[in-house]
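Peer 1: Read off the chains here:
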Amino acid sequence: MTDRIPGFSTLAIHAGAQPDPTTGARATPIYQTTSFVFDDVDHAAALFGLQTFGNIYTRIGNPTNAVLEERVAALEGGTAALAVASGHAAQHLVFHTLLTPGDEFVASRKLYGGSINQFNHAFKSYGWEVAWADPDDISSFERAITPKTKAIFVESIANPGGIVTDLKAISAVAKKAGVPLIVDNTLATPYLWRPIEHGADIVIHSATKFLGGHGNSIGGVIVDAGTFDWTASGRYPFLTQPRPEYQGIVLHETFGNFAFAIACRVLGLRDLGPALSPFNAFLILTGIETLGLRVQRHSENALAVARFLAHHPAVAGVSYAGLPGDRYHALAETYLPKGAGAVFTFRLKGGYEAGVNLVSNVELFSHLANIGDTRSLIIHPASTTHRQLSDEQKTLAGAGPEVVRLSVGIEDVADIIADLDQALAKV
Amino acid sequence: MNHDQYPDAYIRAILSGVKTVAIVGASANPARPSFFVTKYLAERGYRVFPVNPGQAGKLVAGLPAYATLADVPEPIDMVDVFRASEHVPQVVEEALALTPLPKVIWTQLGVRNDAAAATAEAAGVQVVMNRCPKIEYARLSGEIGWTGVNSRTISARRPQRLGQGVQRLSIDRPGPTRT
Ligand SMILES: Cc1ncc(COP(=O)(O)O)c(C=O)c1O
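As given, the protein sequences belong to chains A and B, one line each in that order. Start counting the first sequence at 0; every next residue gets the next number (numbering that gives the first Met the number 0). Start counting the second sequence at 0; every next residue gets the next number (numbering that gives the first Met the number 0).
Read the hints as simulated data drawn from the structure, not as lab findings. Glycine included, each C-beta is placed from N, C-alpha and C at the ideal position. Be aware that one or more of the hints could be misleading.
So the derived label-pair ranges between C-beta atoms look like this [claimed, not checked]:
| # | chain 1 | residue 1 | chain 2 | residue 2 | range |
| --- | --- | --- | --- | --- | --- |
| 1 | A | Pro-323 | B | Ala-83 | 55 to 65 angstroms |
| 2 | B | Gly-61 | A | Glu-244 | 18 to 28 angstroms |
| 3 | B | Gln-159 | A | Asp-41 | 49 to 59 angstroms |
| 4 | B | Asn-1 | A | Pro-243 | 33 to 43 angstroms |
| 5 | B | Ala-114 | A | Gly-233 | 40 to 50 angstroms |
| 6 | B | Gln-159 | A | Phe-47 | 21 to 31 angstroms |
| 7 | B | Thr-67 | A | Phe-7 | 47 to 57 angstroms |
Simulated coverage check for chain B against chain A, where a stretch passes if three residues somewhere in it have a Cβ under 8 angstroms from a Cβ of chain A [unchecked claim]:
| # | segment |
| --- | --- |
| 8 | 32-44 |
| 9 | 134-145 |
Covered stretches of chain A (chain B as the covering partner; in silico rule of three or more C-beta atoms under 8 angstroms from a C-beta of chain B) [stated by the list, open to error]:
| # | segment |
| --- | --- |
| 10 | 5-18 |
| 11 | 186-195 |
| 12 | 238-248 |
| 13 | 255-263 |
| 14 | 394-404 |
Let the sequences and hints guide you as you build the complete structure.
Peer 2: Listed below in structure tokens is the structure:
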């Protein structure tokens, strides 16, 4: 006899949310408050000592944010989650929980550019060293591992798009090295791909993108898969050593398979402070209720747009794993049976000038630096996000002068294609 | 009973049925999980009896502690075991010697002894192993969601507040009642 496990869309609407115990409100209320009164002095002491579950102060936790946390944990199949101010804050707290100065981690070199910056520059000043590896060559991950390596970081579908990461192969490398595998699942979303089923120990999201989905709120989420054995190596003191800030509690002993999420909250979020506004949490939650519907339509539209571009005379090539013949198509068939997502790049025969002309002539597409909006978005990296790089560096980053990135929205696909068609006629 | 996975209804029935709980191995150290569980269950309205020979006659989490299960002055509904798996048979033996018999023997996260469980079940005692009653209570009442933990439950019924406070929920969540 087992309990029935609800389907994805049921969880997307219900997980974490319940009618408000005091008012009966059915939609999740926005608890726009900094702090919460204690029942009594004893209750306050128990909360501060982590002896009971409850609310103290919104930097540490908030009931609206908690609904978002439980919902994303449920959708990803994790044991617990933590919502924070942005995707970058999520990465910051994850590494702060795992690494001490002098430690290393291995990261795929095909990542969102902002993450490459965060790892190369911001993290260096904490003494956390990144070693880069190539997701197209799994052995490069093995070669990058040293006795100081504490984690591996990859994106499931890599931004700027088109790249599908072989998670099972990289998870095998992580298991052999005895380190957790962290997967940024922002571009795929749990609707298309649940990385925990393929060996991820920690999943992170920029909720700014498809989870929120409407281009209105910055946010991030950390999901604890509950799979990693923190005690095996003794190399993760935040989880296995008595914590002086909490009268000597050992987190993994007290919180079992959700100790990592608790550590990110009570040692990371509490002390470093990147709390998510409850209002943003509410908007992201509302977005998640339609996640399955939206991402399905995003993927269908993206495939139709990719097919259109692949046959267009002004286009030199399209990198979309959903297209048969794409170098990542086989991996997409394994990992992404419902679709290959909304974000991809294509190359223009007319090079840099054509890229600039295209973004100047679209009318429905918005020219901006984001992805995962209901609206269709376009950017020419060489003239914007990647403009400070040399041409060679641009090409290595997948952002050569002729490359354009799309985040295909959920408007009527005929209108999306018509807009590209009229703008391509002018390049 | 399959001890790999318990239906929520089984755990809920146990936690809403028992009134008195003996915690074998309750520590007086406020950083230990056994202390947390003792205090938490007492705050949720259970009558809790810490059992620890080293603390007999003293207070653990403000509650009088006893040396053995047999010393506890009231009938025990549930015995919660904070001892290593190899010590579980001995605790079961002591529990089965009580009159009246406890209804439930529960062993904490990481503690499991299938042979001892079979002995208890043969005597008509329900068994839960490798679980924490604090986590299970918080999961089924909805409290655990305040900490972002996946409760693996969904419900459109309103949670019930417990007692006077605002930050305590009941394990029972009745549906609409007819008048
Ligand atoms: C894959 C990926 N990860 C992380 C981030 C960073 O997220 P945020 O902007 O919410 O900090 C982004 C943002 O573009 C992203 O695309």
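Peer 1: Is it true that Gln-159 of chain B and Asp-41 of chain A lie within 49 to 59 angstroms of each other by Cβ?
Peer 2: 22 angstroms, violated
Peer 1: Quick check: the segment 134-145 of chain B, covered by chain A? Criterion 3+ residues, Cβ under 8 angstroms.
Peer 2: holds (count 7)
Peer 1: Could one say that the CB atoms of Gly-61 of chain B and Glu-244 of chain A fall in the range 18 to 28 angstroms?
Peer 2: 24 angstroms, holds
Peer 1: Checking C-beta pairs, does the segment 32-44 of chain B have three or more residues closer than 8 angstroms to chain A?
Peer 2: holds (count 6)
Peer 1: Go ahead and decide if the range 55 to 65 angstroms is satisfied by the Cβ distance of Pro-323 of chain A to Ala-83 of chain B.
Peer 2: 57 angstroms, holds
Peer 1: Test coverage of the segment 255-263 of chain A by chain B using CB-CB distances below 8 angstroms; three residues minimum.
Peer 2: As far as the segment 255-263 of chain A goes, the hint holds, because 4 residues have Cβ atoms under 8 angstroms from chain B.
Peer 1: With 40 to 50 angstroms as the target window, see if Ala-114 of chain B and Gly-233 of chain A comply at their CB atoms.
Peer 2: Between Ala-114 of chain B and Gly-233 of chain A, where Cβ atoms are some 32 angstroms apart, the hint is violated.
Peer 1: Can you take a look at whether the segment 238-248 of chain A is actually covered by chain B? Rule is 3+ residues, C-beta closer than 8 angstroms.
Peer 2: Coverage by chain B holds for the segment 238-248 of chain A (5 residues, Cβ < 8 angstroms).
Peer 1: Taking a Cβ-to-Cβ distance below 8 angstroms as contact, does the segment 186-195 of chain A have at least three residues touching chain B?
Peer 2: violated (count 0)
Peer 1: State whether the coverage of the segment 394-404 of chain A by chain B holds or is violated, taking the criterion as 3 or more residues with Cβ-Cβ distances under 8 angstroms.
Peer 2: violated (count 0)
Peer 1: Cβ-Cβ distance between Thr-67 of chain B and Phe-7 of chain A: within 47 to 57 angstroms?
Peer 2: For Thr-67 of chain B and Phe-7 of chain A the Cβ distance comes to about 51 angstroms; the hint holds.
Peer 1: Do the beta carbons of Asn-1 of chain B and Pro-243 of chain A sit within 33 to 43 angstroms of each other?
Peer 2: At 41 angstroms between Cβs, range holds.
Checked against the numbered hints above, the structure violates hints 3, 5, 11 and 14; every other hint is satisfied.
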